[in-house]
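Using the sequences provided together with the hints, build the complete structure.
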Amino acid sequence: MQHPFLVRWESQVKKGILEFIILLLLSKKELYGYELIVEMKNHTNYDIAEGTIYPLLNRLKADGLITSHWQEMESGIPRKYYTLNKEGVKVLGEMKLYWSELSTNIQQLLKK
Amino acid sequence: MMDFSIHSSREIYATYLKRVHRVVSPLSKADREDIVMEINSHIHEHMAAQGKGDEVNDLLQALKDLGEPEEFLVAQVGQRKLDQATRSFNPIDILLALWMNIGSRFYHSVVYSLLGLFYLLTFVFAFFSLFKIVLPNQIGYFISPSGSWAIGYVHDTSGMKDAWGYWFIPFSIGVTLVLYVVLTLLLKVVRKV
Numbered sequence: 423m424q425h426p427f428l429v430r431w432e433s434q435v436k437k438g439i440l441e442f443i444i445l446l447l448l449s450k451k452e453l454y455g456y457e458l459i460v461e462m463k464n465h466t467n468y469d470i471a472e473g474t475i476y477p478l479l480n481r482l483k484a485d486g487l488i489t490s491h492w493q494e495m496e497s498g499i500p501r502k503y504y505t506l507n508k509e510g511v512k513v514l515g516e517m518k519l520y521w522s523e524l525s526t527n528i529q530q531l532l533k534k
Numbered sequence: 677m678m679d680f681s682i683h684s685s686r687e688i689y690a691t692y693l694k695r696v697h698r699v700v701s702p703l704s705k706a707d708r709e710d711i712v713m714e715i716n717s718h719i720h721e722h723m724a725a726q727g728k729g730d731e732v733n734d735l736l737q738a739l740k741d742l743g744e745p746e747e748f749l750v751a752q753v754g755q756r757k758l759d760q761a762t763r764s765f766n767p768i769d770i771l772l773a774l775w776m777n778i779g780s781r782f783y784h785s786v787v788y789s790l791l792g793l794f795y796l797l798t799f800v801f802a803f804f805s806l807f808k809i810v811l812p813n814q815i816g817y818f819i820s821p822s823g824s825w826a827i828g829y830v831h832d833t834s835g836m837k838d839a840w841g842y843w844f845i846p847f848s849i850g851v852t853l854v855l856y857v858v859l860t861l862l863l864k865v866v867r868k869v
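For the protein sequence lines, the chains are S and B, in the order given.
Each residue of the first sequence is one higher than the last, beginning at 423 in my numbering.
Each residue of the second sequence is one higher than the last, beginning at 677 in my numbering.
To be clear, the hints were calculated from the coordinates, so they are not data collected in a lab.
The C-beta atom is built at its ideal place from N, Cα and C for all residues, glycine as well.
Among the hints, a few may not be true.
Stated by the list, open to error - Pairwise CB distance ranges (calculated):
no.	chain 1	residue 1	chain 2	residue 2	range
1	B	G743	S	A484	16 to 26 Å
2	B	L790	S	I528	30 to 40 Å
3	B	D832	S	D485	46 to 56 Å
4	S	F442	B	V732	15 to 25 Å
5	S	M517	B	K694	36 to 46 Å
Have a look at this one:
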C-alpha cells in the first residue's frame with residue numbers, strides 16, 4: 423500500500439501538469455473531448471475522471487489559449503473540436519522551456 | 677440528441693440529462709445548449725468506441741466514466757457564469773457568479789468574498805440614492821457644528837446640516853456606477869488568475 427503522502431503528492435503532480443499535457447496533445451492536432459481523453463490515456467497512462475477534462479478545456483479557452491468549433495458528423499451527433507491558437511502555441515513554447523529546465527535540474531539532483 | 681432502441685436506455689439517458697439540465701440551469705441558453713451538446717457527444721463517442729453491443733450496459737459504462745454531473749460540471753458552470761456576468765454587467769448574474777465560485781478554491785473564496793462585500797457597499801449607495809427621496813432628513817452628507825461628518829443613513833440629525841441636500845442623489849448614483857464598473861472589471865481580471 424502506498425504511503426498517504428505519496429498518494430497526495432502524485433495526485434498534485436498529475437493535477438499540476440494536466441493542462442500542459444492537454445496543450446501538448448492539442449499542438450499535434452485538433453481533438454474533440456473524448457478523443458483527447460483517449461490520447462491522454464495512451465500517451466501518459468493517466469486515468470482521469472472523464473468529466474474533469476471539460477472544465478479544464480473551458481478554462482484554457484477562457485484564458486485565450488485554445489479555440490473550439492462544432493463539426494457536424496454523419497452520425498448526426500456533432501463533435502466539438504479544440505485547437506491550439508497562436509497565443510496557445512506561444513505559451514506552450516514557454517511551458518516546454520520551463521519544463522526542460524525543471525527536468526534538467528531534477529535529473530541533476532537525482533544523479534547526486 | 678441520441679436515439680436509443682431500448683426503453684431502459686432512453687430512461688437512463690433522460691434521467692442523466694435531466695440532472696445535467698438542473699446543474700446548468702443558471703447559465704445562458706447558449707451555454708446550456710453548448711454543455712448539453714458536448715455531454716451528448718461524449719456519451720455517443722464513448723459508446724461508439726468502447727461499446728460491446730449491449731446498449732444499456734454500454735450507456736451505463738459511458739455515464740459512469742463521465743462522472744456525476746453535480747460534481748464535474750460545477751467548476752465549468754461557475755467559470756461560464758463568471759464569463760457571462762463580466763460580459764453582461766447584469767447584477768443578478770454577478771451575484772450568482774460570485775456565489776457559485778465561493779468555495780471553488782481557497783484563493784478564489786477569499787477574493788470573491790471580498791468582492792462580494794464591495795458589491796454590497798455599491799448596492800448600499802444605490803439604496804441611498806433611491807431612499808433619499810423617502811427619508812430626506814436621515815439620508816445624506818451631514819456636518820455637525822463641531823465639524824464632524826457622517827455619510828449615508830443617520831438616525832438623529834438634530835443640529836446637523838444636510839450639506840448637499842438632494843445633490844446627494846446624483847453623488848450616490850455616481851458612486852454606485854463607478855464602483856460597479858470598477859468592481860466588475862476587477863472581477864474580469866481576477867477570474868483569469
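Verification of the hints:
no.	hint	in the structure
1	B:G743 / S:A484: 16 to 26 Å	holds (21 Å)
2	B:L790 / S:I528: 30 to 40 Å	holds (37 Å)
3	B:D832 / S:D485: 46 to 56 Å	holds (53 Å)
4	S:F442 / B:V732: 15 to 25 Å	violated (38 Å)
5	S:M517 / B:K694: 36 to 46 Å	holds (40 Å)
Of the numbered hints listed earlier, the single one contradicted by the structure is hint 4.
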